[in-house]
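Enquirer: These protein sequence lines map, in sequence, to chains A and B.
Per numbering that gives the first Met the number 0, the very first residue in the first sequence carries number 0; after that it's consecutive.
Per numbering that gives the first Met the number 0, the very first residue in the second sequence carries number 0; after that it's consecutive.
Check the hints yourself; a few may be wrong.
[Claimed, not checked] Some chain A residues close to chain B (C-beta under 7 Å, calculated; not the full set):
no. : residue
1   : PRO54
2   : LEU211
3   : LEU260
4   : PHE278
[Said to hold, decoys possible] Stretch-level coverage of chain B by chain A, calculated; a stretch enters the list once three of its residues show a Cβ under 8 Å from a Cβ in chain A:
no. : stretch
5   : 27-38
6   : 101-108
7   : 117-124
8   : 197-208
It should be emphasised that the hints constitute simulated quantities derived from the structure, not laboratory data.
Virtual Cβ for every residue (Gly too), placed ideally from N, Cα, C.
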Amino acid sequence: MEVNGQLALTVLMGVFLIAVAAWLARVEDWRSYTPLAGGGTVGGTAEQYVSEEKPSGVIRWLTTVDHKDIGMLYGAYALVAFAVGGLMVVLMRIELADPSMTLISNTFYNSLLTSHGITMLFLFGTPIIAAFSNYFIPLLIGADDMAFPRINAIAFWLLPPAALLIWAGFFPIPDVIPAQTAWTMYTPLSAGVGSGNQMNAGVDLMLLGLHLSGVSATMGAINFIATIFTERNEKVSWANLDIFSWTILTQSGLILFAFPLLGSAIVMLLLDRNFGTMFFSVDGGAILWQHLFWFFGHPEVYILVLPPMGIVSLVLPRFAGRRLFGFKFVVYSTLAIGVLSFGVWAHHMFATGIDPRLRASFMAVSLAIAIPSAVKTFNWITTMWNGKIRLTTPMLFCIGFVSNFIIGGVTGVFLASIPVDLVLHDTYYVVGHFHYIVMGAIAFAGFAGLYYWFPIYTGRMYQVTLGKWHFWLSMVGTNLTFFAMILLGYGGMPRRYATYLPQFATLHQVATVGALILLVGQIIFVWNFVQSWLEGREVQDGDPWDLADDDLVTAEWTWFERKLETAVTDGGEDETELATDGGQTVDDTDADAESADDA
Amino acid sequence: MSTEEAHDDHGHHLPAVQDWPRGFGEASWWPFVTAVGGAGIYAGAGLYVMGQDGIVGQTAGPAVFIGSIFLFLAGLYGWLYHAFVSHFWSRDASQKSASKLRWGMIAFLGSELGTFGALFAYYFFIRAGTWPPQELPHLTGSLVLANTAILIVSSFTLHWAHVAIREENHRNFILGLAVTLLLGAVFIGGQVYEYYEFIVHSNFSITDGIFGSAFYGLTGLHGLHVSLGAVLLGIVFVRALRGQYSAERHVSVSTASMYWHFVDVVWIFLVVVLYVGAEVGA
Numbered sequence: 000m001e002v003n004g005q006l007a008l009t010v011l012m013g014v015f016l017i018a019v020a021a022w023l024a025r026v027e028d029w030r031s032y033t034p035l036a037g038g039g040t041v042g043g044t045a046e047q048y049v050s051e052e053k054p055s056g057v058i059r060w061l062t063t064v065d066h067k068d069i070g071m072l073y074g075a076y077a078l079v080a081f082a083v084g085g086l087m088v089v090l091m092r093i094e095l096a097d098p099s100m101t102l103i104s105n106t107f108y109n110s111l112l113t114s115h116g117i118t119m120l121f122l123f124g125t126p127i128i129a130a131f132s133n134y135f136i137p138l139l140i141g142a143d144d145m146a147f148p149r150i151n152a153i154a155f156w157l158l159p160p161a162a163l164l165i166w167a168g169f170f171p172i173p174d175v176i177p178a179q180t181a182w183t184m185y186t187p188l189s190a191g192v193g194s195g196n197q198m199n200a201g202v203d204l205m206l207l208g209l210h211l212s213g214v215s216a217t218m219g220a221i222n223f224i225a226t227i228f229t230e231r232n233e234k235v236s237w238a239n240l241d242i243f244s245w246t247i248l249t250q251s252g253l254i255l256f257a258f259p260l261l262g263s264a265i266v267m268l269l270l271d272r273n274f275g276t277m278f279f280s281v282d283g284g285a286i287l288w289q290h291l292f293w294f295f296g297h298p299e300v301y302i303l304v305l306p307p308m309g310i311v312s313l314v315l316p317r318f319a320g321r322r323l324f325g326f327k328f329v330v331y332s333t334l335a336i337g338v339l340s341f342g343v344w345a346h347h348m349f350a351t352g353i354d355p356r357l358r359a360s361f362m363a364v365s366l367a368i369a370i371p372s373a374v375k376t377f378n379w380i381t382t383m384w385n386g387k388i389r390l391t392t393p394m395l396f397c398i399g400f401v402s403n404f405i406i407g408g409v410t411g412v413f414l415a416s417i418p419v420d421l422v423l424h425d426t427y428y429v430v431g432h433f434h435y436i437v438m439g440a441i442a443f444a445g446f447a448g449l450y451y452w453f454p455i456y457t458g459r460m461y462q463v464t465l466g467k468w469h470f471w472l473s474m475v476g477t478n479l480t481f482f483a484m485i486l487l488g489y490g491g492m493p494r495r496y497a498t499y500l501p502q503f504a505t506l507h508q509v510a511t512v513g514a515l516i517l518l519v520g521q522i523i524f525v526w527n528f529v530q531s532w533l534e535g536r537e538v539q540d541g542d543p544w545d546l547a548d549d550d551l552v553t554a555e556w557t558w559f560e561r562k563l564e565t566a567v568t569d570g571g572e573d574e575t576e577l578a579t580d581g582g583q584t585v586d587d588t589d590a591d592a593e594s595a596d597d598a
Numbered sequence: 000m001s002t003e004e005a006h007d008d009h010g011h012h013l014p015a016v017q018d019w020p021r022g023f024g025e026a027s028w029w030p031f032v033t034a035v036g037g038a039g040i041y042a043g044a045g046l047y048v049m050g051q052d053g054i055v056g057q058t059a060g061p062a063v064f065i066g067s068i069f070l071f072l073a074g075l076y077g078w079l080y081h082a083f084v085s086h087f088w089s090r091d092a093s094q095k096s097a098s099k100l101r102w103g104m105i106a107f108l109g110s111e112l113g114t115f116g117a118l119f120a121y122y123f124f125i126r127a128g129t130w131p132p133q134e135l136p137h138l139t140g141s142l143v144l145a146n147t148a149i150l151i152v153s154s155f156t157l158h159w160a161h162v163a164i165r166e167e168n169h170r171n172f173i174l175g176l177a178v179t180l181l182l183g184a185v186f187i188g189g190q191v192y193e194y195y196e197f198i199v200h201s202n203f204s205i206t207d208g209i210f211g212s213a214f215y216g217l218t219g220l221h222g223l224h225v226s227l228g229a230v231l232l233g234i235v236f237v238r239a240l241r242g243q244y245s246a247e248r249h250v251s252v253s254t255a256s257m258y259w260h261f262v263d264v265v266w267i268f269l270v271v272v273l274y275v276g277a278e279v280g281a
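Chain B on its own, in the form it takes in the complex:
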């Protein structure tokens, strides 16, 4: 239906002109592939649970889970490649399409408030009760301070890179991105090291009491977000190396930056209430 639109409707844009399958304006396999992969991740988790109960084999769950992740990533790759990357310089990049992507990111960050909100609500709920609920590990060590500093600095380097591309300074742009990525990787490494210290040396793991649930729930969720942010910045970095982006075309730089800064702010809040907040008055 609406077949005539491309012909008589001036300025009508078909959404998927350069996509797979080729030759159509409103067809793409990628969303379907992505959705099958995404749903497969859930099915894998379900099979894992069934495997624990001995209903299916133990390996079925992890196998489906991992396979689906690859399918999901393939779908994402195809989608993003055809929608944003392949015709970067020739595709339409009006003010309107830039602002819709920014609004999409703003709305997504709004939904993140809900995602984090449930876990913070849980933490505040237990924090308001008898405190400490159990023996707490030593939380505010030099590691967490260093990690916090690293993440804050990474926000500044990213902003510096963003300013650079708006001034057509490609060298500083790539440099800023690289430094940010490096700092992000160091942060993730620091978090892994902290987990290692807690689990192996302090005997404090996710199953150790209600604070264990809250601590690993919140830091784990945040860690996943930093990792996703690093992936997003990694994509931007690769595209920058390939010579994409200019002072006029840098929407994905700004949306990835919004995400990174958001995750940074969440971390500062998290350090204040979870690390410091747990020790104050304990």
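The shape of chain A in the complex, shown without the other chains:
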């Protein structure tokens, strides 16, 4: 059985990698990396410029120190990781369609569970944020580039090997099996103690990969702090710094203290596993690991959610026709969350028997952190209130973000309360809660950003109908899957199991259907993304969203406009067949249904 599962995953991965390779190969000869000199032959001058600044072909990408190129690399990397982590969970959900063990073995299920978590948090979440921040922070603050362009490149190039190490257990290396520790890596299981199989080298490789990805994230954070502090244009003061830069600055501060601490804890664990130290075999070593892990782990939640909140705070007002309501308070709440996030970690440990006084204080801080989160939510809602709402795809994803964040946030408030947590701890309720945040909110904001800035980084427009299909399938799929999980948790279904009692079958099947709907939505996304990038209508206007009408243009669009003006006209033919959002008011979202055949 396990072999079948392995085989299925390997084949899926293989097909996927071939598709990526084919796409890259196609991109390779499709143009000479000057998106606005599309034809390539006409723009002689353009090519001269290119040879002045960057080599051509693959070498350009390997040697680049341009923040925009590095942002694109981060984005491509994150989307590949998203696909891998997504396919892993699809396999898990299919296994869970039936109460007994059918498709894959329990151990393989555990491996997928572990890798899905780590892949989505460390290889998708952090890099997709880095994609946006690398590309847009220097543009937004009027900097030439990042403060340390070469460190920026090093930080990115550490990530692909990190992914290979983390996934090494899945590769056909004899006697190396994937880690089954879950992403929390609790000792003594992860220390390899006992008769289990977690002494296997696969766990060590995963830990090494995780450490490497942490080094990369820390380097990125140092770079962003130095950039935002010192590289701002004279006109950009602290008072008019944009909201996305604020959230990235706060996030970098969190990374700075959280990731190195995890790094040291991982090294201690590796020493315990391989060099006979006793860091975590001390009395209470298991609790010690949890303290260290969650001192990193809870800030990590905000590391992942603050910049997406920044994207939503930036994008949502553009399509509400108003400035962000209560800008100052959104900034203050960001900073407040950043500070408070280091004082809530033990709410993950309410059920471990730690001192009740400690529990009570962590409960108080955990409830308090709901306040700045709510401040943001109400400001987003108030921004839309009486606004001139344009339901473009990025706007839909922003609204989806707010909606899912409310469900994910409110379920979290209950978990912060000790008595409720003791009932719901380690059930699917917790899984449903945090997936509302990581999928329903963080990934949604990622999509909002990908669609909103699509014209900037591709020079083209995506297909609007497909974008809306993507949104609605994601929205329905997310709520179906994760609301079913919340109900499963109320019913007492424990998390992390590959099999379950028959009474939970219906809700599990609902969740699986939801996951498959999500899968269809993401396939549409990939299609739309790739096809529009290659063949979408070229954007001629520096302000494709008509932001100027409401006086809401931000610096990156000004930059884009200037770039279009100065670009050599290539006289390429117009491909106007494809519908675009074009910034027009879309008042009837049901219109989606009629153009379904596009997909």
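With chain A's structure known, arrange chain B on it following the hints.
Expert: Then chain B, alone, in the frame of chain A:
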């Protein structure tokens, strides 16, 4: 993309004008080489673990590990050389570029708080439990006091050198750096000697109980930092001998100093809580 920027955007700086490959403004092989070397160190560690389990040969891990370290150092050398050293006098050295390097160092030192924090947290965790957990070696001997004094003095000599270069006094600058480096080397030697004493004569090694883990974890991590600091100061020293730095251009002197002083402060804290703290009440 953004190809036009160098032409119409006044004051736009390309980051890698004088780099390898030459002739481009935004391309450099060094970050890639450095990253491959850095990742290779991790791969070597992974192969070492696999070698212990008999999955690959015993020598594969150490070989990859050491080879990658050289590749990593080569990458660092190329990067630092092209970015900072080769055009020292002609490259742009505005107030802005100085402050970004200082902010980079401040942020890095912030991350060091996390790195040390995990190990201190571990030590405080066991210190709060039953104490002593095992028979402790004699910690606060004359060696550690002498070493502490040496490290503190080295901070003063480094500061003295730094003041000297700000007054264009190159002789005192080089002298101060040399003395600091010497004191740093003596400190590292002292630490090695202490390890030797503990491991060989007191039978106290990293695998000896939870205090062994804490002691060697903390002092080892600190020792690595002093060694890195000595390397940084060594680079500054070589560049100083080559005639670089002036009263206006001494950013890397100040960033290396920040690092050295930080490591010094960590050591004082470490001596108080780990050496003295372990013996008080034991």
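Enquirer: For every hint, state whether the structure bears it out.
Expert: We went through each hint and held it up to the structure:
1. PRO54: holds (6 Å)
2. LEU211: holds (5 Å)
3. LEU260: Constraint on LEU260/A satisfied, holds at 4 Å.
4. PHE278: PHE278/A check passes; min Cβ-Cβ to chain B is 5 Å, inside 7 Å.
5. 27-38: Held - the stretch 27-38 of chain B has 10 residues with a Cβ nearer than 8 Å to chain A, which meets the minimum of three.
6. 101-108: holds (count 4)
7. 117-124: holds (count 5)
8. 197-208: Holds, because 3 residues of the stretch 197-208 of chain B bring their Cβ atoms closer than 8 Å to Cβ atoms of chain A.
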